[in-house]
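Undergrad: Listed below, chain by chain, are the residues.
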Amino acid sequence: MNNTSQTIRVGLFFLLGLALAWITFESLNGGRIFKQQGYTLVAGFANLKGLKTGDEVRMAGVKVGAVKLTRLAAHRVEALITIEPGTKIPNDAVASVEQSSLLGSNYLGVTFGTPTNPLLQDGDEIKTKPTVDMSEVIAQLGSLGSKLESVIGEVGQALGTGGENGNLFQRLDQLVTANGPKLTETISNLQDITAKIKNGDGTLGRLVNDPKMHDELLATVTEFKSAAADARTFMADSKTIVADLKSGRGTIGTLLYDETTAANLKISMQNIRDVTTKINSGQGTLGKLLADDQLYRDAQGVMKKADRALDGLSDQGPITAVGIVANALF
Amino acid sequence: MKHLLAIIDSIGCALVLLWRSAKHLGTLPRQFPRFIEQCYLIGYTSLPIVTILLFFIGCVLALQSGYSMENFGAKQFIGTLVGLTMARELGPVMVAILVAGRVGSAITAELASMKVYQEIDALVTMNIPPERILVLPRLAAILVMMPVLTIIADLCGWFGGALVSQFTHSISVDSEAYFTALKAYMKPHDITDGLIKAEVFGFVIVLVCCHIGLSTRGGPREIGASVTKAVVTSLILILVLDYFVTKALLLAT
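Line by line, the protein sequences are chains C and F. Just so we're aligned, residue 113 is where the first sequence starts under our numbering, counting upward by one. Just so we're aligned, residue 220 is where the second sequence starts under our numbering, counting upward by one.
Chain F with its partners taken away, still in its complex shape (with noise of 0.2 Å):
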């Protein structure tokens, strides 16, 4: 009861801070650098990870699909399967775990180390809101980067997969043949279904880990204890969430 109680005050503070955050919209334009600051750090660095962990990704489905696809000959539709599971799902789920483990954790710790030598008050006291130059442009950076950071994924995916379909001796699909039963089977809503997934699970990420960060007392022990749990409920909600984001997606279609 105590926990659910907890869980449930969490959430309030969280949509709290959401909605001062949003008052300050207006601000945004007179925040730009700071803005563009935190596209720097949330996508750009986080390029290379991206990169190289989907391009993998999409290697090992090409590989694992191959070898069971074999067994009842559709190894055709290898490219069906990696380009629909990398757009829908391992795409923007992918990306939302790096940057909840990359991203959230940084910000978590900047803002929990804020909080705890007190720098939050001194912006409190000099009636400056900490959501207006701390929360608001992380938000409106993640908003902006996941999609770009989703679609490369995607794309990373999709030619680690042609890759491996290509030059693996028992698979043996040519690149042609593969993107051909990748494009054969995608709509442009299987792209913009992981976009706005991707979206969500970025939204999320940053406004908890704002919160956790934020809500954070104590000491110095009390950083690590927040990221820890910043991080830990991010990946738990950008799991649960895919579930609920998908389903209410394929019902729109």
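So that you can see chain C by itself, here it is in the shape it has in the complex (with noise of 0.2 Å):
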């Protein structure tokens, strides 16, 4: 093998190397290993969630550009982000870190902003904004599982390992197990009530399957509900009556209430003993009239007067011999 074709096929060789080293470096990373293209944007943050350098950063999911460099700035850290030329970032867009898949490879998430405001220039800062990291998701997920074990443990204490009586499930399995003929028989007596009920048997079996039974017994509801009312006004009246009678307005209330009033009654009584006193004694008119009965053979004689007078006067009016008898009396 002569020397020039073994110098021509290593050079072919290492160029060949070369090349597909480039080609590989210039897939890989967008040639940025040449040349920075496009301008530079400083993104301050709180906390770069693993952000590092080479990180994609996306415009609506779309890549614009790359994290040149992340660093630490006074209390804060720093992504210097390189964003390709001819891609436009207003002024108001705001910049986060995001997460592209939950087994942690992060990117820079750019919002459009107002097309209309003006553009950031090289150097300018962007807005930003924290994003809620995974590992606090997940440890706030945490604590509340294991708020909620807790509380589970203690239902579970509750109905499995129990105090000194044994555990819920135990004292109802106790229950169940002394009570069994009992609720069996119970449950045989139910099954028959609700088979008669169903056959409708029974005062309760006819209200559930005939329609009769029912619309009557609407109607009497109906009749107790207007019965009802018509108490509840009568209560009401009587209500008013009590409170009358209370503050002693209308008869009975003078009567009960007024003082006055009981003495003059009494006065009356006192009048009406002194009367009939009298009376009893034969003293008076009306005790004359009572007591003594002269007076009643009188006017006796004079019934009898009156008699012959009216067989005499036979032709004359009932009047006349009323008058007489009145006359006779008075």
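Please note: incorrect hints may appear among the correct ones.
[What the hints assert, rightly or not] Using 25 Å as the maximum straight-line C-alpha spacing, the simulated DSS-like pairs for lysine-lysine come out as follows:
no., chain 1, residue 1, chain 2, residue 2
1, F, Lys-294, F, Lys-406
2, C, Lys-164, F, Lys-406
3, C, Lys-241, C, Lys-175
4, F, Lys-466, F, Lys-406
5, F, Lys-466, F, Lys-402
6, C, Lys-161, F, Lys-406
7, F, Lys-294, F, Lys-466
8, C, Lys-200, C, Lys-164
9, C, Lys-175, F, Lys-402
10, C, Lys-239, C, Lys-180
11, C, Lys-416, C, Lys-400
12, C, Lys-175, C, Lys-259
13, C, Lys-239, C, Lys-164
14, C, Lys-161, F, Lys-402
15, C, Lys-358, C, Lys-390
16, C, Lys-164, C, Lys-259
17, C, Lys-161, C, Lys-175
18, C, Lys-180, F, Lys-221
19, C, Lys-180, C, Lys-164
20, C, Lys-324, C, Lys-337
21, C, Lys-390, C, Lys-400
22, F, Lys-466, C, Lys-164
23, C, Lys-180, F, Lys-406
24, C, Lys-200, C, Lys-180
25, C, Lys-400, C, Lys-417
26, F, Lys-406, C, Lys-175
27, F, Lys-402, C, Lys-164
[Stated by the list, open to error] Beta-carbon label-pair distances, calculated as ranges:
no., chain 1, residue 1, chain 2, residue 2, range
28, F, Ala-444, C, Leu-132, 35 to 41 Å
29, F, Ser-391, C, Pro-227, 41 to 47 Å
30, C, Leu-260, F, Phe-291, 23 to 29 Å
31, F, Asn-290, C, Ser-255, 30 to 36 Å
Hints are computed from structural coordinates only; laboratory data are not their basis. This one's a predicted model, so the numbers in the text were calculated from it and none came from an experiment. Beta carbons are placed, not taken as given, at the ideal position from N, Cα and C, and that holds for glycine.
Make the complex out of the two chains shown on their own, each in a separate frame, by following the hints.
TA: In structure tokens, the structure reads:
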């Protein structure tokens, strides 16, 4: 093998290797290893959450650049991001660290912003917003889980390994075991009852199965209702009456609560007693009338005379007879 | 104790050899044809075996990882796995192992026979340092050729994995998704780390093989013994250094 062809082959081989290496780097990193294109923005964060050099910058999910450098600044971390030329980012666009998968690769998401706003220039700072860290969410879930666990543990303790009387289930079990026959009986009774109801036997059965019964019941209930309403108005009236009575209004009220009336009444009763006493002892006209039969005999004589007079004046009117009787009496 | 001393002695001799070779670095342009010849022997003629071997390593890597990743639904990361594994680990290491077997053994056999048949002594007599014309061009050639071989090996492995991922029924990850996943998690320094490792391995292989070849004493039987020893030492050094170089590179990033 002559020397020239060997040299050519080695040269070609070496160039092939260089070309392949270049293509690999180019496709992996968009040619960044050779030239830095576009413009640079600064994004300040409280926490970068693992965003690192070479991670993508995406605007609405489309790659528009890459993170060039991350560095610590005073009380924050800054990511220098390189934006491809031709990408317009307004000054109210907001950058945030996003996770592209649960396995933890991050990217810097940039919102559109308002298109009419002035555009960010090289070296400007882009607005940022903190994002919820997946690990924080998971930590919260974890504390929630431990709380749930304690609650469920308490419930389980209440149900499972209770106090000296055994647990709830055990007690239930004992109850059921002890009362087994009774429960069976009760249930069979219930079964009978429901069967009867279903067949239309008995009052309840008829009530359930007979529409007429139902209508009647409805009417009865309606009447009950109206009666109850009446009773209510009656009660209201009674209440007002009682109230009146209490306040001394009306006749009974006066009678009950007015002392002058009572005094008057007492005096009247005294008078009546006096009068009856006099009558009993035959004093006065009435007393004589009752106690003295002289008057009776006089009256009888008068009646006899009147009778005779009537016999004589049979053609005269009854008024005259009454007038004669009255005259004789008084 | 004796073995330990022998090992330390070998290391010292190898370093002395390196130092003597490096002293003649200025003569390299005058030895350009020799350098090219070594490049041809080390790099160009290794290309077919590197291509074939690494292609099938990529294939089998995709096949195995597809089989095991299916269990937890991470099939879309086959590209990432194959890409990173090839670039960071298997590319450089497999190329180094191939070079140790194919080139290192040849170097040791050549130098050992030269030593046994007193050609080296003749060179020394003519006041031509054997390090200058025998060791330095080889070291230079392997330093130039290892990255080329490794990048070709990486790409062959990636394409092998892509083919298998696409056309194996149980995996069925099309090559676009495969390369998207590969690119998504791969950084340029993953490739450069692999290339640096390959350089270290190649350099160590050639140095060790030259040293063992040049320190051969005796007759033709010792030539075979030297070749065996050179290849075994190279393989051990490759895998031991692999760990430490990888660790150092990971710390550096």
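Undergrad: Kindly indicate which numbered hints from before are broken by the structure, ordering the numbers from low to high.
TA: Violated hints: 7, 12, 15, 16, 18; rest satisfied.
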